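If you want the building blocks of each chain, they are given just below.
There are 2 protein chains.
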Amino acid sequence: MQFELDERLKADTILLASILEYKILLNKDSRFPWIILVPIVNGLSEMHHLSYDIQANYLKVSNLMSKVLDHIYSPHKINIASLGNIVKQLHIHHVARFEYDEAWPGPIWGVGQAIPYSQTELEHTCHLFKKTIEDINQGELNVNYHN
Amino acid sequence: MQFELDERLKADTILLASILEYKILLNKDSRFPWIILVPIVNGLSEMHHLSYDIQANYLKVSNLMSKVLDHIYSPHKINIASLGNIVKQLHIHHVARFEYDEAWPGPIWGVGQAIPYSQTELEHTCHLFKKTIEDINQGELNVNYHN
Chain A
1068 MQFELDERLK ADTILLASIL EYKILLNKDS RFPWIILVPI VNGLSEMHHL
1118 SYDIQANYLK VSNLMSKVLD HIYSPHKINI ASLGNIVKQL HIHHVARFEY
1168 DEAWPGPIWG VGQAIPYSQT ELEHTCHLFK KTIEDINQGE LNVNYHN
Chain B
1068 MQFELDERLK ADTILLASIL EYKILLNKDS RFPWIILVPI VNGLSEMHHL
1118 SYDIQANYLK VSNLMSKVLD HIYSPHKINI ASLGNIVKQL HIHHVARFEY
1168 DEAWPGPIWG VGQAIPYSQT ELEHTCHLFK KTIEDINQGE LNVNYHN
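Protein chains in written order, with the numbering used here: chain A, 1068 to 1214; chain B, 1068 to 1214.
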């Protein structure tokens, strides 16, 4: 069966890459550097229902994306969350947070209204993410944790 | 160096168990069945700064706790999050959510005021968690994902 991305995720995001059975999506809300990981598996909504292998891959992709967010934005904190109360398809947020952002120190979900990127900003942001994902991913995914 | 639990986590929670280098804490806010996992490592605030082994253990303990929450509460959704904007010590929330709970469908953090358990409720809840953790943990931690 072909993988189906939830309609709301499709509307709110842009695909940056597909790595180790995860879609890496950029949320188009410019207020927060906001990545959403979606395992390429239909019909699941809880992390613990994923197979062990896909969970192990999650760690790799999650680490990669935290490093990418660190590298581009040097945030004060990274927020990681799998909520899914509204969008049921399993998806995991990775958000770079700053002490001066709109929602700090609270969570970002349900706060205010999304502000779209301008076309130029969006193109630049996608380019920056794609390049940094590629750079950090080079030879790193299978080995590089902070050991 | 001895492990130090953050003062706010200490005040807000009760220790249920220590498994695979994680403290399993019950948040004393009775509005939500709310578990907090804390890796027994000082000075870290981001998931991707944990060693690979402790991250792999995280998956095991996280799966265990999701199964425990499913077993006791049959929730509509489990919310998992590592935020840490206020309490810097790395800790990962696992919360059983219901379509009729106070914060649904939004996140729980920063919503309303905590309501403490009564002494009897607290004792019963701790007993139930400890028993279910032990039951599900029997022989399962090293093998049982949904493969």
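Treat the hints with care, since some could be wrong.
Repeated chains share a single entry, so a pair holds when one copy, or any two copies, can fit it.
Stated by the list, open to error - Taking lysine to aspartate or glutamate and the EDC-like style, the derived pairs with C-alpha atoms no more than 16 Å apart in a straight line are: (1) Lys1077 with Asp1168; (2) Lys1155 with Glu1166; (3) Lys1095 with Asp1137; (4) Lys1077 with Glu1169; (5) Lys1144 with Glu1113; (6) Lys1077 with Asp1120; (7) Lys1077 with Glu1113; (8) Lys1095 with Glu1166; (9) Lys1077 with Asp1137; (10) Lys1144 with Glu1169; (11) Lys1155 with Glu1113; (12) Lys1090 with Asp1168; (13) Lys1155 with Glu1071; (14) Lys1198 with Glu1166; (15) Lys1077 with Asp1096; (16) Lys1090 with Glu1071; (17) Lys1095 with Glu1201; (18) Lys1197 with Asp1137.
Simulated from the structure, these hints should not be mistaken for laboratory data. Computed from a predicted model, the values in this text were never measured in an experiment.
Regarding Lys1077 and Asp1096, is the shortest C-alpha distance of 16 Å or less found within a copy, between copies, in both, or in neither?
within (13 Å within a copy, 36 Å between copies)
My question is about Lys1155 and Glu1071: at a cut-off of 16 Å on alpha-carbon distance, are they close within one copy, between copies, both, or neither?
within (12 Å within a copy, 37 Å between copies)
How would you label the pair Lys1077, Glu1169 (within, between, both, or neither) given a Cα cut-off of 16 Å?
neither (24 Å within a copy, 29 Å between copies)
Taking 16 Å as the upper bound on the Cα-Cα distance, should Lys1155 and Glu1113 be classified as within, between, both, or neither?
Intra 9 Å, inter 26 Å, cutoff 16 Å: intra-copy only.
Go through the copies and call it for Lys1095 and Glu1166: within, between, both or neither, with a Cα cutoff of 16 Å.
So Lys1095 and Glu1166 fail the 16 Å test inside a copy (21 Å) and across (27 Å) alike.
16 Å Cα threshold - placement of Asp1137 relative to Lys1095
Neither way: Lys1095 and Asp1137 sit 19 Å apart in one copy and 33 Å across, limit 16 Å.
Using 16 Å as the alpha carbon limit, work out where Lys1077 and Asp1137 are close: within a copy, between copies, both or neither.
Neither way: Lys1077 and Asp1137 sit 25 Å apart in one copy and 29 Å across, limit 16 Å.
When Cα atoms must be at most 16 Å apart, do Lys1095 and Glu1201 count as within-copy, between-copy, both, or neither?
Answer is neither: 21 Å inside a copy and 44 Å across each miss the 16 Å cutoff.
Checking Lys1144 and Glu1113: alpha-carbon separation at most 16 Å within a copy, between copies, both or neither?
Result: close only across copies, 8 Å inter versus 24 Å intra.
Reference check for the pair Lys1077 and Glu1113, CA-CA at most 16 Å: within, between, both, or neither?
neither (19 Å within a copy, 28 Å between copies)
When no copy is named, should Lys1198 and Glu1166 be tagged within, between, both, or neither for a Cα gap of at most 16 Å?
neither (26 Å within a copy, 41 Å between copies)
At most 16 Å between C-alpha atoms: does Lys1090 with Asp1168 qualify within a copy, between copies, both, or neither?
neither (26 Å within a copy, 31 Å between copies)
The structure does not agree with the numbered hints 1, 3, 4, 6, 7, 8, 9, 12, 14, 17 stated previously, though it agrees with the rest.
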